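This is what each chain is made of:
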Amino acid sequence: MLYLLTISFPIAMAAGLFLLRARQIPAITGAILTVLMQMLLVIQLPVDAPVRLLGLTLAIDPLGRLIMLTILGIALFAYTVNFFIAHGEHFIPISLLLLGFTHTTIILMQEPFVATLLLVSSGFLAILAIVDLPIGSSVLVERSPLITALHYLVLVLLSGFAMYMAYVLLTIYWPTEQSSQSSPAQLIMSLIIVGFGMRLAIFPFHSWLVELAEYTTPMVTVIVITALNSTSLLFLISTFQFFPIIVAENTRGMHVLMFLGAITMIVAALFGLATAHLRRTPSYLVVANSGFMVFGVASATSNGLAGSILDLFNHMIAVLVIYVSIALLERPDGRPVVTLRSDLLWRWPLAGSGFIGGCLLLLGAPPFSSFTSKLLVYNAAAESGAHFVVLLGIGSLLMLAAVARLLYERLLGAAEELPTEQMPILLATQEMSRQSDRKLIGEPVGLSIVIFLLLGVSAVIGLYPQLILVTIEDVIRGLTFVRVTS
Amino acid sequence: MGEFLDIYWPLIGISVSAAVILMAQQRRTTLISLLFNYLFVAAFLSQQQFIKPDLDLFGIMVSTTVLVKIIAGLSAVTILAITALTFSRDYEASALDEFSLAELRRAARQARRLEIVSPRRFADVVVPMWAMVLVAIASFILPRLYPIGSEEVDFAWYWLTLTGFFTIVTASDVLKLGLGLLLCVSSIDLLYTAIASTVQVFPLALLGLTTIVLSLAVSYLSGLMFGRLKTLELNELYKR
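Line order of the protein sequences matches chains A and B. Numbering follows my numbering, in which position 469 of the first sequence is assigned residue number 465; successive positions increment by one, without gaps. To convert, count from 1 in the second sequence and add 1; that's my numbering.
Accuracy of the hints is not assured; some may be wrong.
From the structure, some residues in chain A lie toward chain B, with a derived Cβ separation under 10 Å [to be verified]: (1) Leu52; (2) Leu113; (3) Ser117; (4) Leu142; (5) Leu149; (6) Val150; (7) Gly156; (8) Met161; (9) Thr167.
Here are some chain B residues pointing at chain A (derived, C-beta under 8 Å) [stated by the list, open to error]: (10) Phe203; (11) Leu210; (12) Leu215; (13) Met226; (14) Arg229; (15) Leu238.
Keep in mind the hints are simulated off the structure, nothing from the lab. Owing to the predicted nature of the structure, the values given are computational and were not obtained by experimental measurement. C-beta: ideal position from N, C-alpha, C; glycine also.
This is chain A alone, in the form it adopts within the complex (with noise of 0.2 Å):
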């Protein structure tokens, strides 16, 4: 009964607050209280307890539980945050279905059929969050999102595909294999690549995650790389655990997995290098990071998962940081929208440092969290090979290279607002030629506390980390790839 209950509640919420669309306060009141709901139903759920129902087996582990209440987290910053910032009209309804479609991913990753379902539906929903549009919006929809939503439809379904025939193929041929037949290993292998890799954005197929953060408001981004893409990579962990054949029989595909993953962090650290742009190099840095997780669960190891996992967490609060501070630095402060802003840090001294404290998150850099995810991934890394440890260094060096680049040309330039020299009226001056006053607005102060609690969460597990660590290393234990190759 908990568990119909933690499929439904949001969906019904949800189909409740389509009607309140319009009005801004109480749909994101209704939306909250929702989150909040939801997150005692998911405390309530029985772990590890699982129930038949309509032949399906529902159950829930303790990490499940851990992420979903993440996602819950991460949801109500994000509807907080929508108080401050614009929004499409139907954000509310669509992102409280898709965590009622994440959360039922979640509860029936027993069932990989149902779960691959469940994630190709949800990739359909994004795309109507994609395209949306704010509420009384006077312009129209842009072509850029409507290319991202087309990319994005084809992507999940391509994705959802891919999964589908790896798990029709591991129920066809594993249970009846015969002498005579050869092993699908490699095809199966190369289809969960090809799947998964789809979802969590790793080279070649990153593109669309960058798309995304650009030509989407932030919170579409932030719902979609939070609960989307962390959803999947547990998949990828319980597809392992419940198929422990897949990495037992492919090593060397187990290898060319984190291989992907140290040159995704390469490619897209050096992609974001290469250009300085506010949303763009951030994307990039998440795809990296993207990578540098699949490495950590490729190499099957404790140390691995458990890096692996801590840094999903980190790279979603890291994710709700960074987008919030730049919706916040992108508000308009009264300068011509053309002008590349180089002062950010300046003008907007609250959300430039959240922005500042959500890529150090991202990197890696103490006293955060993600410092403790990265060693153990770094520790995985050497107990695979010497090689690994210089690509992930690579891969690390170029992001922070990236990193530092965005903030030196975007961030850290020469303050405008310094006190500068009054230019006298020259002849001919006209009124209209004049620059008109700057309107220099504040900063919410209440959503710049929102950013630096989020990072302070992160400094206290990063102080403690076996506060979540302890959780994540019981997990482990009861996964059985990993006995497979330790």
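With chain A fixed as given, assemble chain B onto it according to the hints.
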């Protein structure tokens, strides 16, 4: 020959309708073909007896599962057909600023010009035709290399998948791209029903839901695009 047709008519129907979707350019033709494709897939599943018939419908014994698939397919086609007929999420002129209104007028002019200067050409069919040849070759070879179910099932799902993929690749408008995606979902549906040891209600319901949500997403995007550019041509969308 008569006996062959008696046995394999659903399979032939699936192949022909999917091929028409890949090759035809007119929306009416492709949508009708999609409808027939769903009907032939249902007939194929009934004929192969993957699921026991449990419902007497006007003297014809059919399975509830097959009926659900027909309803889901019919819903998808209806959604797309309504979209194709009405299109356009028309913007309220009073809600738009002058730049957006000018942009809309320019898009309408461009779309009209496009209709006049680029009539349908034989060259538009060449690439889909060669794609069709590739699909045919691959659908005969792949079931022998990677057999999953019976020969008929393998041929049917490989055919649907490949025509779907090639439709996506060669599509020149959004609606056709959506049809390619729907063909891929249809092939997953067929394969699941054919190979699952026990067909469960929830996955089947979810497959139906996926089909409907996909067609809704395609319709929504088509409507938005038509409202913005007054055309569904992908070339126009990518023009900067």
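Inset, instruction - Check each numbered hint from earlier against the structure, then list the numbers of those it violates in ascending order. - result: none
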